[in-house]
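Peer 1: Each chain, written out:
Protein chains: 2
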Amino acid sequence: MNKQILLAKRPEGLPDPSTWKLVSTGIPEPLEGEFLIQQHYISLDPAMRGWLKDRKSYIEPVGIGAVMRAGTVGEVIKSKNQNFKIGDFVSGWGGVQQYSTSNGENYFKVDPSLAPLPKYIGLMGMPGMTAYFGLLQVGKLKESETVLISGAAGAVGSIVGQIAKIKNCTVIGIAGGKAKCDYLINELNFDGAIDYKTENIYEAISKNCPKGIDVYFDNVGGEILDAALANLAMHARIVICGAISQYNATGKIQGPSNYMSLLVNRATMEGFMIFDYRKQYSEAIKQYTLWLQEGKLKSREDIYEGIENFHNTFLRLFSGEKLGKLILKVIE
Amino acid sequence: MNKQILLAKRPEGLPDPSTWKLVSTGIPEPLEGEFLIQQHYISLDPAMRGWLKDRKSYIEPVGIGAVMRAGTVGEVIKSKNQNFKIGDFVSGWGGVQQYSTSNGENYFKVDPSLAPLPKYIGLMGMPGMTAYFGLLQVGKLKESETVLISGAAGAVGSIVGQIAKIKNCTVIGIAGGKAKCDYLINELNFDGAIDYKTENIYEAISKNCPKGIDVYFDNVGGEILDAALANLAMHARIVICGAISQYNATGKIQGPSNYMSLLVNRATMEGFMIFDYRKQYSEAIKQYTLWLQEGKLKSREDIYEGIENFHNTFLRLFSGEKLGKLILKVIE
Chain P
332 MNKQILLAKR PEGLPDPSTW KLVSTGIPEP LEGEFLIQQH YISLDPAMRG
382 WLKDRKSYIE PVGIGAVMRA GTVGEVIKSK NQNFKIGDFV SGWGGVQQYS
432 TSNGENYFKV DPSLAPLPKY IGLMGMPGMT AYFGLLQVGK LKESETVLIS
482 GAAGAVGSIV GQIAKIKNCT VIGIAGGKAK CDYLINELNF DGAIDYKTEN
532 IYEAISKNCP KGIDVYFDNV GGEILDAALA NLAMHARIVI CGAISQYNAT
582 GKIQGPSNYM SLLVNRATME GFMIFDYRKQ YSEAIKQYTL WLQEGKLKSR
632 EDIYEGIENF HNTFLRLFSG EKLGKLILKV IE
Chain C
332 MNKQILLAKR PEGLPDPSTW KLVSTGIPEP LEGEFLIQQH YISLDPAMRG
382 WLKDRKSYIE PVGIGAVMRA GTVGEVIKSK NQNFKIGDFV SGWGGVQQYS
432 TSNGENYFKV DPSLAPLPKY IGLMGMPGMT AYFGLLQVGK LKESETVLIS
482 GAAGAVGSIV GQIAKIKNCT VIGIAGGKAK CDYLINELNF DGAIDYKTEN
532 IYEAISKNCP KGIDVYFDNV GGEILDAALA NLAMHARIVI CGAISQYNAT
582 GKIQGPSNYM SLLVNRATME GFMIFDYRKQ YSEAIKQYTL WLQEGKLKSR
632 EDIYEGIENF HNTFLRLFSG EKLGKLILKV IE
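Those protein sequence lines, which keep their order, are chains P and C. At position 330 of the first sequence the residue is numbered 661 (my numbering), and the sequence of numbers has no breaks. At position 325 of the second sequence the residue is numbered 656 (my numbering), and the sequence of numbers has no breaks.
What the hints contain is simulated information worked out from the structure, not anything from laboratory work. Misleading hints may appear alongside valid ones.
Copies of one chain are not kept apart here, so a pair can be met inside one copy or by any two copies together.
Under the rule of at most 27 Å between Cα atoms (straight-line distance), these lysine-lysine pairs were calculated in the DSSO-like manner [to be verified]: (1) LYS387 x LYS542; (2) LYS352 x LYS509; (3) LYS528 x LYS583; (4) LYS629 x LYS384; (5) LYS496 x LYS334; (6) LYS542 x LYS583; (7) LYS352 x LYS627; (8) LYS471 x LYS610; (9) LYS384 x LYS542; (10) LYS627 x LYS528; (11) LYS542 x LYS498; (12) LYS610 x LYS473; (13) LYS384 x LYS617; (14) LYS538 x LYS583; (15) LYS387 x LYS538; (16) LYS509 x LYS409; (17) LYS538 x LYS496; (18) LYS496 x LYS473.
Computed from a prediction, not measured in an experiment: that's the story for all the values here.
Hey, can you work out the whole structure from these sequences and the hints?
Peer 2: Here's what the structure looks like:
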């Protein structure tokens, strides 16, 4: 049987268990030109919260009663498609379920001998691509700049910081709790770490970035974005990657009150969608592979097990109770 | 005697008459290398409100007891400087007073036979330069785009809209009241005008910009910025020029709640300081002179008289009771 997580109803604020419905259906048969994938791992990402809203955004909302959308990595176990053979490992948009079929569109093959499967939905997947193109192309990072990152111990932030270190930048990360801050300093060699749960964020940024922030890579929005705006260097670039502090807000989103700092500092705030860079993904993957081989890059996956645990695992995105890329293993 | 407006105390919220002090002092004598200017006109600009705050920004605050800072245009009536002769007309930072001396730094000569004196603190001065470089260089305007402007009947906004029309764009202006909206449509040939005092700003922008906004030139901030964010086209550019709706706020500035629209639309929000473009001013002045001769550009000055009326005239910046560039004539 194929266990699936369906969207049962649209949540107000933080999703509760009634948001989802676990069902078992028959394993689908691939049609002509299709193949069947047994999914091993499912990617859990903050963006998923946005897909639950009944509002057209960059992508259609997940329909009520539909399988929850998610990135996946798994193995082809049946095929009526010449390009994908039994035994191939593939990554794509399989959704929160154990089996899915595809005609190959938006699927690509991965090689588990080069990197463990979970890395293909982390460093080598959407989070890694987001870090690479967000920092280098949107943020226009230059050597020796000061880079501040929120959500710095997360799937995207931890990669952003390591790329910036490779580019000889001063890197300050913001994260919640001592364990994550220690990880940034001791494991990833960040120059500074700020615990937003215990420190005055304005003072801590000012102290850690005495020359001001050249690039702020924002994953969280809210108060931390305001504090970063208050500490910009001239010609700073703010990369808007996410706003996880606001995703479960039931009222109005907290806008950046200090945005006039953009004017005083001749600074830019820019948003992006990683899909726009898909033609360049191979460049990033090649670079990551090299950096991994050289030992310059570490990526950490926080893997939970069992599709039944989807809801509780999903909540870790917002509670912060995870370290690195959050992944659910769904193969039994 | 030289009548001057001094800053008596820093205002909380909207300045009241006790913010200022009118004094009469002796007319200063130019030292060696200096010249004496009798000021004819004083420029009143929203930015002046920012200079009253006791906080280092892009420029030092005006000191308590100091002459209020302002752009001016006037005539040289005494000179001990070889480059500036009696009878020369000059524009610079003379402050809110009838006479001032200068060594020539940051002063430039103007020609009243080419354009009336008030235009040198309007179209040919800071507001005109702000419109030109803000729209073309920061906003990266392209032919045939949709341009939305707030404060559209003001000194900067009215020029921005006319440049965009010259560039074959669809131009929508937001202003307060029927008279201003009529002016935008009938005098400046804007394609649409929105009266923010009577219309639902979200609906009106959506109706007037069916393809979305490519460039939003923001002079006001607040609710209107949020409504613009909700109506962006892909790859939109928001030029942050000012936030007049927030300058007298005593509490926290209202940040743009809809800023995540930057992400969905791969859009940019950028601030700038016109002084950074000073080496290119002559290019803009040359272009404006040509457009004036061709009848493609109109600029309107709203001129009040008497340095004693400084306070009441200044308040018109925020009440909106003015049309075009606000100027005070101080020569008696």
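Peer 1: Take the hints in turn and mark each one as holding or not.
Peer 2: Here's how the hints hold up against the structure:
1. Only between protomers do LYS387 and LYS542 lie at most 27 Å apart by alpha-carbon distance; the minimum there is 16 Å, versus 41 Å within a single protomer.
2. Taking identical chains as interchangeable, the C-alpha atoms of LYS352 and LYS509 are never at most 27 Å apart, the minima being 36 Å within one chain and 55 Å between chains.
3. For the identical chains of this complex, LYS528 and LYS583 are neighbours both inside a copy (23 Å) and across copies (23 Å), given an alpha-carbon limit of 27 Å.
4. When the C-alpha separation of LYS629 and LYS384 is checked against a cutoff of 27 Å, the pair qualifies neither within a copy, at 34 Å, nor between copies, at 47 Å.
5. Proximity of LYS496 and LYS334 under a CA criterion of 27 Å is satisfied in neither setting, with 42 Å inside one chain copy and 59 Å between copies.
6. Proximity of LYS542 and LYS583 under a CA criterion of 27 Å is satisfied inter-copy only: 26 Å between copies versus 33 Å inside one chain copy.
7. Taking the closest pair of Cα atoms, LYS352 and LYS627 never come within 27 Å of each other, the shortest separation being 42 Å inside a single copy and 64 Å across copies.
8. Taking the shortest alpha-carbon separations for LYS471 and LYS610, both the intra-copy value of 19 Å and the inter-copy value of 25 Å come in at or below 27 Å.
9. Taking CA atoms no more than 27 Å apart as the test, LYS384 paired with LYS542 passes between copies only; the shortest distance there is 24 Å, against 40 Å inside one copy.
10. Taking identical chains as interchangeable, the C-alpha atoms of LYS627 and LYS528 are never at most 27 Å apart, the minima being 29 Å within one chain and 58 Å between chains.
11. Taking CA atoms no more than 27 Å apart as the test, LYS542 paired with LYS498 passes inside one copy only; the shortest distance there is 18 Å, against 40 Å between copies.
12. Taking the shortest alpha-carbon separations for LYS610 and LYS473, both the intra-copy value of 23 Å and the inter-copy value of 26 Å come in at or below 27 Å.
13. Taking identical chains as interchangeable, the C-alpha atoms of LYS384 and LYS617 are never at most 27 Å apart, the minima being 35 Å within one chain and 52 Å between chains.
14. For a Cα distance limit of 27 Å, the shortest separation of LYS538 from LYS583 across copies, 23 Å, qualifies, whereas the shortest one inside one copy, 31 Å, does not.
15. Taking the closest pair of Cα atoms, LYS387 and LYS538 come within 27 Å of each other only across two copies (18 Å); inside a single copy the shortest separation is 41 Å, beyond that limit.
16. Neither within a single protomer nor between protomers do LYS509 and LYS409 lie at most 27 Å apart by alpha-carbon distance, with minima of 47 Å and 69 Å respectively.
17. Proximity of LYS538 to LYS496 under the C-alpha cut-off of 27 Å is restricted to the intra-copy arrangement: shortest distance 19 Å within a copy versus 47 Å between copies.
18. Taking the shortest Cα distances, LYS496 and LYS473 sit within 27 Å of each other inside one copy (11 Å), while across copies they are farther apart (37 Å).
Going through the hint list in order, the structure does not satisfy hints 2, 4, 5, 7, 10, 13, 16.
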